[in-house]
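Peer 1: Need the complex rebuilt from these two chains, each delivered in its own frame; the hints are there to steer you.
Just so you know, the sequences run in chain order D and X. Read left to right, the first sequence gives residues 1 to 480 (this note's numbering). Read left to right, the second sequence gives residues 1001 to 1193 (this note's numbering).
Each hint should be verified, as a subset may be incorrect.
[Claimed, not checked] Quick look at which bits of chain X chain D covers, simulated, 3 or more residues with Cβ under 8 Å:
hint	segment
1	1045-1054
2	1084-1096
3	1100-1106
[What the hints assert, rightly or not] DSS-like mimics (lysine-lysine), calculated; alpha carbons at most 30 Å apart, straight line:
hint	chain 1	residue 1	chain 2	residue 2
4	X	Lys1161	D	Lys288
5	X	Lys1156	X	Lys1069
6	X	Lys1020	X	Lys1161
7	D	Lys288	X	Lys1154
8	X	Lys1020	D	Lys288
9	X	Lys1020	X	Lys1156
10	X	Lys1027	X	Lys1156
11	X	Lys1027	X	Lys1161
12	X	Lys1146	X	Lys1161
If you're looking for bench data, these hints aren't it; they were derived computationally from the structure. Glycine included, every Cβ here is placed at the ideal spot set by N, Cα and C.
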Amino acid sequence: MRAMQLLRLGVMLLLAGTVPVAAAQLRPLCSTVLESEREFVRRFGGCRDGASIVDVAPKAEPAPAVVTPVPNVVGLSFDEARDRMAGFKLQRSYRASAEPGGTVLEQQPAPSARLAVGSTVRVVLSDATLRPAPRVSGASVDEAPKPVAALPDLQPQPAVVTNDTRAGRVIEQIPTARAVLPEMPMQSAPVERARVEQLRVPRVTGMTVRSAQARLGRFQVERSERSSTASIGRVIEQFPKASARAPAGSAVRLVVSSGPAPVTEAFELPNVVDRSYADASNALAEFKVDRIEIVASAAPSGQVLAQDPAPGTSVVAGSVVSLQVSDGSLANASVTAPAAVVEAAPAPAAAAPAPASAAPAPAAAEPAPAAAAPAPVIVERAPVTFPASTAPALIASALLVLALVAMAMRRVLLNRRPPEIDVEPAAQTNLPPTAIDIINVPIGEISFSARVDEGETTIEFAAPSDADETTLEHSRELHE
Amino acid sequence: MSNGIKLRAPIDVSSDDVEKALLELAKDEPAIARAYDHLRGPAAKLAADRLNEVLDINPFDLLAGGWAKVPAVRNAVQLSVLMQGPPAIVRLDPHNIASTSYPVLNINAAQSALPELRLTLELIVGLQSATLAVQDGRIELVALGKASVIARLKYKDVLVKEHSTGVEGALRDPFRHERAAPDRQTADVDFPI
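So that you can see chain X by itself, here it is in the shape it has in the complex (with noise of 0.2 Å):
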């Protein structure tokens, strides 16, 4: 089992999914379509392998980044890094949370660097509601309603990949492994995203 929740589960980068964007590339530069052949098959796995690696991150540290731009849940944050006290609850009614990053796949042959592959990775959140616990400047609790998941993964405006799923609503601490003592180490809980 996986230790914590990885948005590597929705956007599993395939072999096949590593070709079709270098075949689109490869239309670009030329250098990509003469080496095309020995970038497909065990290489394009290998090269799925070291996107899959990248995109094993947190995907509250995305939702986080949303959220922080909700004037409570910024006004919460920096009254609680000047007043100690009790958790401020901040509750959110539904809203979609959109995170774009780019995945860049470098290719190194004989010493020599081809262009890169630079992907483009759409998260798209859908959340009924979510529960914020902020205190000591940082979003510590989260209890999350009902969500739906939409990850696409793009070369260009060429859909190489999407996958959408959801998610029941659940209470979540993502920020557990900063705060849990070893005597009370928690069980792993895999994230069914």
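Chain D with its partners taken away, still in its complex shape (with noise of 0.2 Å):
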């Protein structure tokens, strides 16, 4: 009986513990119900919480700022600075200036500082107290007072120094323009005058430089030179004329003599045509041969065929004479070829027909003797003017002549010694091969070319010591 007590006890106690929770567990998540309803559901047990969220999940950095450079607002306008300066907040203070009220006179930090987005900027506007002074400098003092003027309160106060700008011409003023002037008056600007001290310009005119220049002491001296008659470094003129007034320190131009000027001589071009070459350089002595047209030619080599300006024309000495001189290469076949002028050229031998009518001369098929002088060649061939107006015609017919001449001339030059070389038979005998092929060089295609190799340069003294040879001081009066 007792043990069916205590078994229903222990039964009720246990269904008094499990069933709310058992109830507890039937209640729907708080989170299921509606939000509006949640809160009335909750208070009366109608629902129920849920397990509580642990985020285990790092947490996300926060989001770092935004830094970009700093705008320049200097100059601006404090409302332009503003739209600049977007993103950044601005912070103003003014200080006196004569720049426009407003403007941006300062910031800081300095344009291009980087700075966060949001920071602040410092910008120091002008609050236009100030004003610019007048340029004055370099007017007249009679032209001075007017932009002065225009500034009622200020009163120019001139003062005069001596100078050697132009009299009456402002120099400096004081405060300089754009110097900063308080809005109020205050005190009276004072603009220099400047009034320079006339001198008399001394005559020096037959003296030498240094002389010149000793007398010309409180001057500037200007140096120039011109031939004259005069001796070497004699002042021939000067300006300003002596007796003349000019400002102290102004500069006197000396025209001082280099010597006697060199004779300009006009010659009557001689005619050279048809002479030689070294006759024509004799007869051209007082000219200036500076270029030389060698041309295949019948003529003899050597021969001057044309000149350029042409003879009789009146030249000074000195001036440039062209000439046309003929290499001769046609000479031994000019006696049955017509003559002509050509351009040295390549004569293409093998691609030119020889008509039939033209045979090789025979003379040029023979090996010329080494030593035999040109051949007298008789050539009538018209007048040359220069520069050779040359037909085509004629320019064709002188290559067909190359062409029929150009074997014979093949085995004239390969066989032709120079006449007057002074040469060892032995050494002519012992060419090596490949200079052969210098015989067959067309004449119009040897070039030169020249340079200066350094060497060395030695200076010798007769005195005996270095004590002797040189004396050493320092001086202005030799530097002129």
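Peer 2: Encoded structure:
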């Protein structure tokens, strides 16, 4: 009996403890209840809260601040600066300045500094309480008061100084232009006035430069040279002239003699056509023969075929003269071939067909004697004017002639020996085979170039010791 | 008139000079001997022109090379580089300056180079006196006393040409073309050597 009571009590206690728990587990989660009804249902136990949520994911880093360079707003109005400084906070202050009111005079941080967006930038603005001084430097004293008069509180106070500028010109102003003055008149701004001492220019013509410089002590001396019959280094002219008055310190220009002028004499150009080159060079000794055109011709080697300028032209000494000179390469063929003046060029020997009537000159087929002088050539040649106005047909005929005589000339050239060269026969026979090719070089293709390789320079004194050789001093007088 | 003082005047190479030198060269070089006939006359004149062009140099450059060897001049130049001040005046008593250089003539025929003609140019200048003004590391002014100039052009030991002349003393400024301002351009003065 007692055991049954105890069992009944235990069952009741068990039910009393578990039923509420079981009932609680049967309630829906509050999160599933409509939000508008959630609080009401929860208050009366109609729902249960779920387990608390634990965020196990790592917390995200705070977003970095955006850093941008600070724009330059110095010189802008405050409104413009504010627009440009979008993203930054502006803190302004004012300073006395002659700039228009509200103009940004300074900013902190300085332009181009990098600053986080939203940071504060301090700008200093002009309060326009100052004003710029007018510019009067360079103006004459009469003109200077005009800009000053625009500011009635300013009174020019001229000061006279001796200077080398033109008299009456303002050479300096205090305060300087653009210097700031207070808006309210406080003190008159003095403006200096220049007056230049006028001196009489002494006469220095005929003197040496050094003496002239000494005499022109209070003037600057400018020097130029000119040819003159006066002795070298003597002053032949002066500007300003003697006795003229000039400001102290102004320049006096001296014209110094550089000796007699070169004589420029005109010569009549001699006729050197048909003369040898050596004769022509002698005849043209007063001129400069700067261009020599070597052309294949039946004329003897070295004979001048044409000249430019034409003979009889009056030209000054040293003028440039151009010559056209024969190379004599067609001398052997000229007996039968018509003479022509052509440019020296490789003859198209193989390509040009030889006319049946034109046979190679017999003389050319034979080897020429080594020391033989060029045979006199009888050529009826039309007068040649320079520059050669050779017609294309004439050139074509000359090329035909070249084609005809090419083979004969080749043999002649191969067997011809320099007539005046003094070379050992053994040396001739021992020539390397490659040297033979030089003989076939067309004359027109020879070119020259020159250079100067440095050597050494030595100096030798007649005096025995250095002490006697040289004296050293410092002087300004000799440095003109 | 020439623009300045040129060495070309005493060493005016002529076609005869070139032919003479080439003849000597032909004794050593068979290739020149073969081509000698083509190198004479007008060709030699062109060669002489080329040589004259490269000899168109300022003799004061050569003289300055000799003066620079004088201790007093060298010291003045070095000192002037270090110190600003008035020009140092160096007066040189009678002395001789000998300069040797080598004009070289290159000959090309049909795009082939023939042996070059290497000449020797000796320039011997005897000066009674010379006054140099040294400032800022350079010789700026030259006052020359009487001078004699001997120029020799040689091929090996063979004298091709020799020319001698005298120069009256005068105050000269060989570097004036570098110092003259445009508004102070001076007239040309030919050097009489």
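Peer 1: Now look at each hint and say whether the structure bears it out.
Peer 2: Going down the list of hints, with the structure as the test:
no.: 1; hint: 1045-1054; in the structure: holds (count 8)
no.: 2; hint: 1084-1096; in the structure: holds (count 12)
no.: 3; hint: 1100-1106; in the structure: holds (count 7)
no.: 4; hint: X/Lys1161 - D/Lys288; in the structure: 21 Å, holds
no.: 5; hint: X/Lys1156 - X/Lys1069; in the structure: 27 Å, holds
no.: 6; hint: X/Lys1020 - X/Lys1161; in the structure: 10 Å, holds
no.: 7; hint: D/Lys288 - X/Lys1154; in the structure: 25 Å, holds
no.: 8; hint: X/Lys1020 - D/Lys288; in the structure: 22 Å, holds
no.: 9; hint: X/Lys1020 - X/Lys1156; in the structure: 12 Å, holds
no.: 10; hint: X/Lys1027 - X/Lys1156; in the structure: 12 Å, holds
no.: 11; hint: X/Lys1027 - X/Lys1161; in the structure: 19 Å, holds
no.: 12; hint: X/Lys1146 - X/Lys1161; in the structure: 24 Å, holds
Hint violations for this structure: none, all hints satisfied.
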